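J.: Following the hints, put chain E in place on chain Y, whose structure we already have.
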Amino acid sequence: MIHPVDTILSLALLSILFSFGSSRLPPLIKVLAFQGVVVCIVPLFIGHDMSTGSLVFTLATLAIRGIIIPGCIYLAIKRVAIEREVEPIVGYHASILAGLLLIVGATVASHHIDVPYSSVSALLLPTAISLLGAGMFLLMARRNAIAMVLGYIMMENGIYLVGTTFSVRARHIVEFGILLDVLAGVMIMAVILQNITRTFDDVDTARLRTLKE
Amino acid sequence: MLEIVFLIPFLTGTAAFFLPHAIGRPLLVLTGAVHLILSVIVWAGHLAPIFPAYFAVTPEGLLSLLVISLLFFLISIYTIAYLKASDIHSENIFTGSMLLFLSTMTMVTLSDHIMVMWIAIEATTLASAPLIYTHRSAASLEATWKYVLICSVGIAMALLGSVLVTVAMDVGKVDAPISFSAMTGVAERMDPMWLKAGFVFILVGYGTKMGLAPMHTWLPDAHSEAPSPASALLSGVLLNCAYLGIFKTNTIMHAAGLADFSGPILIVFGLVSIMAAATFILKQSEYKRMLAYSSIENMGIIAFGTGIGGLGAYGAIICLIHHSLIKSSLFLTAGNILLGFGSRLIDQTGNLVGRMPKTFVAFLGGFAGISGFPPFGIFIGELLIIMGAFRTGNHVSVGLFIFSLCAIFAGFANNAMKISFDTSDADIRIKETSSLVWPQYILLLTSLVLCFWMPDSLYQTIIHAVNAIGGGF
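As you go down the protein sequences, you meet chains Y and E in turn.
Each residue of the first sequence is one higher than the one before, starting from 1 at the first, in this note's numbering.
Each residue of the second sequence is one higher than the one before, starting from 214 at the first, in this note's numbering.
Derived from the structure by calculation, the hints contain no laboratory data.
One should not assume that every hint holds.
BS3-like, lysine-lysine: derived pairs with alpha carbons at most 27 Å apart [as the list claims (entries may be wrong)]:
hint, chain 1, residue 1, chain 2, residue 2
1, E, 496, E, 359
2, E, 631, Y, 212
3, E, 644, E, 571
4, E, 297, E, 644
5, E, 631, Y, 78
6, E, 631, E, 644
7, E, 496, E, 631
8, Y, 212, E, 386
9, E, 409, E, 386
10, Y, 78, Y, 30
11, Y, 212, E, 359
12, E, 297, E, 571
13, E, 496, E, 409
14, Y, 30, E, 359
Computed from a predicted structure; not experimentally measured.
Bound conformation, chain Y alone (with noise of 0.2 Å):
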């Protein structure tokens, strides 16, 4: 039988090839804010036992990941930006090949990997690796500041899923206070974000290139 978990954790999954896929900003911050949504409801159906304290606090979660940190961005970039491409360094279907193969790799790896509750669903670790390397991978092969940023959040989202199904030690003021570093981080971004557009007039980081040696 296939296991809830699995079917949601398989849209995380492609979540990552659509956003390897993107050339625009606008669908490529939805699938972020779909993604986010999508890990946030995974500790529901995992099985520990959901008190209303872990209830209110996945829903919480649920807002900031999902709807609060994309709108951030979106506001960012509403005025200026909104219509940019996101300048590849790797090319789309390139990407989306790349996305394949981290998919694959990380399901490989994960194999050989033991760790507890993998009982619970086999796809947990693929995708969390996965999710991992597709933030590494929108970092580097993108020069658009804020897919740049996009890539940090998808990276965060991996570690969200690492954190919430491996280990049910952190209380959920820890995880809090962890979500609110992680916001107040994006929304530092995002300011930046509006900086760079204004004195630039542009969100290409080959712009940001003056300091060096």
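T.: Using the frame of chain Y, we list chain E on its own:
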């Protein structure tokens, strides 16, 4: 009520965002003074945490706390004079961020929970980002962007590492709180494979923030673009905070009997940092960037010493304390030079001895201290590290270590002589008031005094801290 030490600067910092500079400036110094008093009370052992699951007083944390507090107080006095002499927009954001930065760094030194530590270190990045963007130029924007993005991505790695450490507990079927002190106690039963993976990610993550090569690329940009008081804080204490994260994880590794794994990795990262710094210092044309690379060098020395263990670990802590004192004084001095000559380029300066004699004394003293001249603490620290390395038989790496130190000294000395004695026809734009030079003098004097006379309680605290990572005589 241990938490009050970081709550007070948090509250005053938040308030400072909304206050005019006539109130903001005294508030900065006042908070610094209160913080210093509170730190001394913590040192005396009179404050207990309300949330012992998250916060604790540890020897290594105490050392960092005291350094942070002393530095911030002196830097805040300098900042007032600096703000008067320079032209900074929205000063309330600057003072507010300085205080929040102090609050988050204090939180790092007091946190015992592995995730709270991460939250605090990430918060230091966020609080210090506005400081780097103070000048509102295109270059400072670029530096801020690099700083926030590289450090956030790096620290995300440390978050993954922290999660992996907790997985190591799950796999080893250990049931204990995930605070550093509790984990050190049960380290032997944790799964070694996951613990090793966690350590590597934490080292890469906090190493990014600490400025270890090859993850150091944000550091020279951020340090050169930030206003000098902020650079002094970044270099003097922020790097120590990141080191604290690595130090505490290394403690767990030692307790788990995995020192053979963590030591060589620290040695390699340390050596690469020192060599990278040597390469860039030799051909450096800006003095603030030169100081930034010197910080990378010193962080490399500290990582190297920590990896060596034994005498080296003791030397590393000595270097850590003296680097903070001397480097922050050097960055403040660089602020004077920048205010005086109006340029960051070494070629645009010169004849410091004639033009700004008081600044010259601080500059030469700082240069002698940071290059490891005998009376200063860096010399003692480096000597102990070299002796420790010979004792443990790391002959090749200690050879590279000494060679790189010589190269750095040559590059640094060349530039320092140019700044001090070259001819220059520039007009000096400021007057050397006492609060622009005395903070540097006091920092250098503190460093000098600590070489000849170290209070026994300080010595015991250092020994206590390094014992946990296999250090000591």
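J.: Indicate, hint by hint, whether the structure satisfies it.
T.: Against the structure, the hints:
1. Of the pairs offered as hints, the one joining residue 496 of chain E and residue 359 of chain E holds, with about 23 Å between alpha carbons and a cut-off of 27 Å not exceeded.
2. Our distance criterion of 27 Å between C-alpha atoms is met by residue 631 of chain E and residue 212 of chain Y, whose separation comes to about 22 Å.
3. For the hint linking residue 644 of chain E to residue 571 of chain E, the alpha-carbon distance of about 10 Å falls within 27 Å, and the restraint holds.
4. For the suggested pair residue 297 of chain E and residue 644 of chain E, the alpha carbons sit about 11 Å apart, so the restraint of at most 27 Å is met.
5. A threshold of 27 Å between alpha carbons decides the hint, and for residue 631 of chain E with residue 78 of chain Y the separation of about 50 Å lies outside it, so the pair is violated.
6. Note on residue 631 of chain E and residue 644 of chain E: the hinted pairing holds, with a Cα-Cα distance of about 22 Å set against a maximum of 27 Å.
7. Restraint check: the Cα-Cα separation between residue 496 of chain E and residue 631 of chain E comes to about 13 Å, which is no more than 27 Å; the hinted pair holds.
8. In summary, the hint linking residue 212 of chain Y to residue 386 of chain E is not supported, as the alpha carbons are separated by about 49 Å, beyond the 27 Å threshold.
9. For the proposed pair residue 409 of chain E and residue 386 of chain E, the alpha carbon gap of about 17 Å is at most 27 Å, so the pair holds.
10. Of the supplied pair hints, the one linking residue 78 of chain Y and residue 30 of chain Y holds, its CA atoms being roughly 14 Å apart against a limit of 27 Å.
11. Our distance criterion of 27 Å between C-alpha atoms is met by residue 212 of chain Y and residue 359 of chain E, whose separation comes to about 12 Å.
12. For the hint pairing residue 297 of chain E with residue 571 of chain E, the CA-to-CA distance comes to about 19 Å; that is within 27 Å, so the pair holds.
13. Using a Cα cut-off of 27 Å, the hinted pair residue 496 of chain E and residue 409 of chain E is violated, with the two alpha carbons roughly 38 Å apart.
14. About 25 Å separates the Cα atoms of residue 30 of chain Y and residue 359 of chain E, which keeps this hinted pair within 27 Å; it holds.
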